[in-house]
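Chains as they are written, first to last, in numbering that gives the first Met the number 0: chain R, 0 to 211; chain V, 0 to 211.
Certain hints may be false.
Stated by the list, open to error - The calculated EDC-like cross-link candidates involving lysine to aspartate or glutamate, where the alpha carbons are at most 20 Å apart (straight line), are:
#1 R:K20 <-> R:E67
#2 V:K165 <-> R:E26
#3 V:K104 <-> R:E194
#4 V:K206 <-> R:D182
#5 V:K140 <-> R:E26
#6 R:K145 <-> V:E205
#7 V:K153 <-> R:E26
#8 V:K153 <-> R:D182
#9 R:K165 <-> V:E207
#10 R:K74 <-> V:D21
#11 R:K145 <-> V:E194
#12 R:K14 <-> R:E24
#13 R:K104 <-> V:E154
#14 V:K74 <-> R:E205
#15 V:K74 <-> R:D182
#16 V:K33 <-> V:D21
#17 V:K145 <-> R:E188
#18 V:K206 <-> R:E71
#19 R:K14 <-> V:E71
#20 V:K145 <-> R:E207
#21 R:K206 <-> V:E71
#22 V:K2 <-> R:E208
#23 V:K14 <-> R:E67
#24 V:K145 <-> R:E208
#25 V:K33 <-> R:D178
#26 R:K74 <-> V:E208
#27 V:K14 <-> R:D178
Just so you know, the hints here were simulated from the structure itself, not pulled from any lab data.
There are 2 protein chains.
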Amino acid sequence: MAKQISMAVIRRLPKYHRYLKDLLEREIYRISSKELSEIIGFTASQIRQDLNNFGGFGQQGYGYNVEELYSEISKILGLHNTYNTIIVGAGNLGQAIANYSGFQKSGFEIKALFEANPRFIGLKIRDLEILDVEVMEEYIKENNIKIAVICTPKESAQDIANKLVKAGISGIWNFAPVDLQLDGNVVVENVHLTESLFTLSYLLNEKEEATR
Amino acid sequence: MAKQISMAVIRRLPKYHRYLKDLLEREIYRISSKELSEIIGFTASQIRQDLNNFGGFGQQGYGYNVEELYSEISKILGLHNTYNTIIVGAGNLGQAIANYSGFQKSGFEIKALFEANPRFIGLKIRDLEILDVEVMEEYIKENNIKIAVICTPKESAQDIANKLVKAGISGIWNFAPVDLQLDGNVVVENVHLTESLFTLSYLLNEKEEATR
DNA sequence: TAGATTGTTAATCGATTAACAATC
DNA sequence: TAGATTGTTAATCGATTAACAATC
C-alpha cells in the first residue's frame, strides 16, 4: 500500500497546479525547484519533498518540465475525472456556485439545484432547474450523482448530509457552518467562511495591538 | 511583547467560538476540557494548551465557565469591534456575501459594492448601491473603510489590491484565485474555493484507489 | 567534462500529546 | 477533606529545512 500523504502536502497540491498553469500560459516550459520556490513561496527543499511523494518528476541538472509536471499533478488531483454534482440550497451562495463556470471546467458538472423553500422551486439558474429537496435522494440514485455541495442554513445541513450519504453520494463540499457527523464512506471538505473572516478579524486586532 | 501565537492555534479559535455559542444556546454553562474535546474533536490537552496562550480561563476541579470563555474568545477575535467594509466585484459571489447577514452581525458592516462593469453600476443589492470602481479609493478615504472583500476575476485582483492598500485599507478578504503580492501594513486572508474543491477531488480519488 | 539540480537522508524545528503537581 | 480538573512542563511526533551524493 502506498504510504499515506499528509494533509499538509495535499493542501499544497492545488497551489502547485495553479502556478504551473500560470507558467504554461506565460510559455515557460522548464523550471527548477529554486525558481519555483521564488514565485510560489515554498522552499525549494519543500517543493522537491512534496513532489517526490508522488514520483521523480524532475531531472538532475535540468529541473522540471512544466507541461509534464502540470499534467502529473492534474492526474494526482483527479482532474481527469468528471463528477456529476448537485447543489443543495439555492440561496445566494448556491446560485453563485452554480453560476461559476470554473468548477464545470474542472470536471464538476452541476446537474441540478435543490431547495426546500417552495418560492424557489421551479425557477431556473442558467439552464439548471431548481428542484424540490424532497426528490433529492431519488434524483441522486437515478442520475449517478457523486458530489453534493451543501449551501443550506446550518439548521438543515446535518439532516441533508445524512440523506446524501444514504442516497450513496461520494463527496460533500460543505459551506454550512457546522461540522458534519457522518459515518459511511464519504469524503467531506468544508468551507467555513465565518471562520476565515474571524481569522482575518484576529489578525487585524493583533496588528493594531502591535502598532499601539 | 506578548509571544507570537502560531497560525495553527489562531485558526482553531473561531471553532472554539462557534462551539461555545452552541453550548450557550443549549444552556450549558460549564464545561471541562475533556467534555469539550468530545464534542469539538481536539484533544483535551490541546484545548488547555490553546486557551492558556491567552490566559487562565479555567478553574481547577471545575472546568471552564462557558459564558466567560465565549466572551473572552470573542474579545481575542476582535469581535467587539465593528469594521466598515466594502465588496469589490458585484458578481454572483460579491452579491452572495453582501446578502449574508451573518457577517454584518459579527461587526463587518458592508457599506457599498464596487464594480467595473457599467451594466451593474447603479443597481442595488439589498439597500446597498453598486458604485463605479473608479471612485473606490475616494470612497474608502471618505468613509473610513477598513476592510475590503475582493470578489473580482483573478485578472484584476492584484490591481484592485494595490489600489486598496494605497487608499489605506487595513485588511483584505480575498476570494480571487491569486496570491496577492502586497507590501505595506495590510492583513490578507484568502478563500481559495478552487483549492478547496481540488482537495476534495484528491480525497475522492484517493478513496477510490483504496477500494480498488 | 564541469555545472546544475534533483532525489533522498539527516538535522532541526514546531506542534501535539502525555503527565502530573498545583489547587479549587 | 477527597475528587476533579486545570495550568504547565516534559516527551513525542510530524513536518520543514538543510545537506549532499547521485546523475543528467
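Consistency of the hints with the structure:
1. R:K20 <-> R:E67: Holds - the C-alpha atoms of E67 of chain R and K20 of chain R are around 11 Å apart, at most 20 Å.
2. V:K165 <-> R:E26: Not satisfied, since the Cα-Cα distance of roughly 32 Å exceeds 20 Å.
3. V:K104 <-> R:E194: Distance ~14 Å between K104 of chain V and E194 of chain R Cα, so the pair holds.
4. V:K206 <-> R:D182: Holds: K206 of chain V and D182 of chain R sit about 14 Å apart, inside 20 Å.
5. V:K140 <-> R:E26: Distance of about 40 Å is beyond 20 Å: violated.
6. R:K145 <-> V:E205: Holds, at about 15 Å.
7. V:K153 <-> R:E26: holds, 19 Å
8. V:K153 <-> R:D182: violated, 38 Å
9. R:K165 <-> V:E207: Distance of about 18 Å is within 20 Å: holds.
10. R:K74 <-> V:D21: violated, 41 Å
11. R:K145 <-> V:E194: holds, 19 Å
12. R:K14 <-> R:E24: holds, 15 Å
13. R:K104 <-> V:E154: holds, 18 Å
14. V:K74 <-> R:E205: holds, 11 Å
15. V:K74 <-> R:D182: Violated - the C-alpha atoms of D182 of chain R and K74 of chain V are around 36 Å apart, more than 20 Å.
16. V:K33 <-> V:D21: holds, 17 Å
17. V:K145 <-> R:E188: With Cα atoms ~31 Å apart, K145 of chain V and E188 of chain R exceed 20 Å; violated.
18. V:K206 <-> R:E71: holds, 18 Å
19. R:K14 <-> V:E71: Violated, at roughly 35 Å.
20. V:K145 <-> R:E207: Given that 20 Å is the threshold and the Cα spacing comes to 12 Å, the pair holds.
21. R:K206 <-> V:E71: holds, 18 Å
22. V:K2 <-> R:E208: holds, 13 Å
23. V:K14 <-> R:E67: violated, 40 Å
24. V:K145 <-> R:E208: holds, 16 Å
25. V:K33 <-> R:D178: Holds, because 19 Å separates the two Cα atoms, which is no more than 20 Å.
26. R:K74 <-> V:E208: holds, 13 Å
27. V:K14 <-> R:D178: holds, 10 Å
Checked against the numbered hints above, the structure violates hints 2, 5, 8, 10, 15, 17, 19, 23; every other hint is satisfied.
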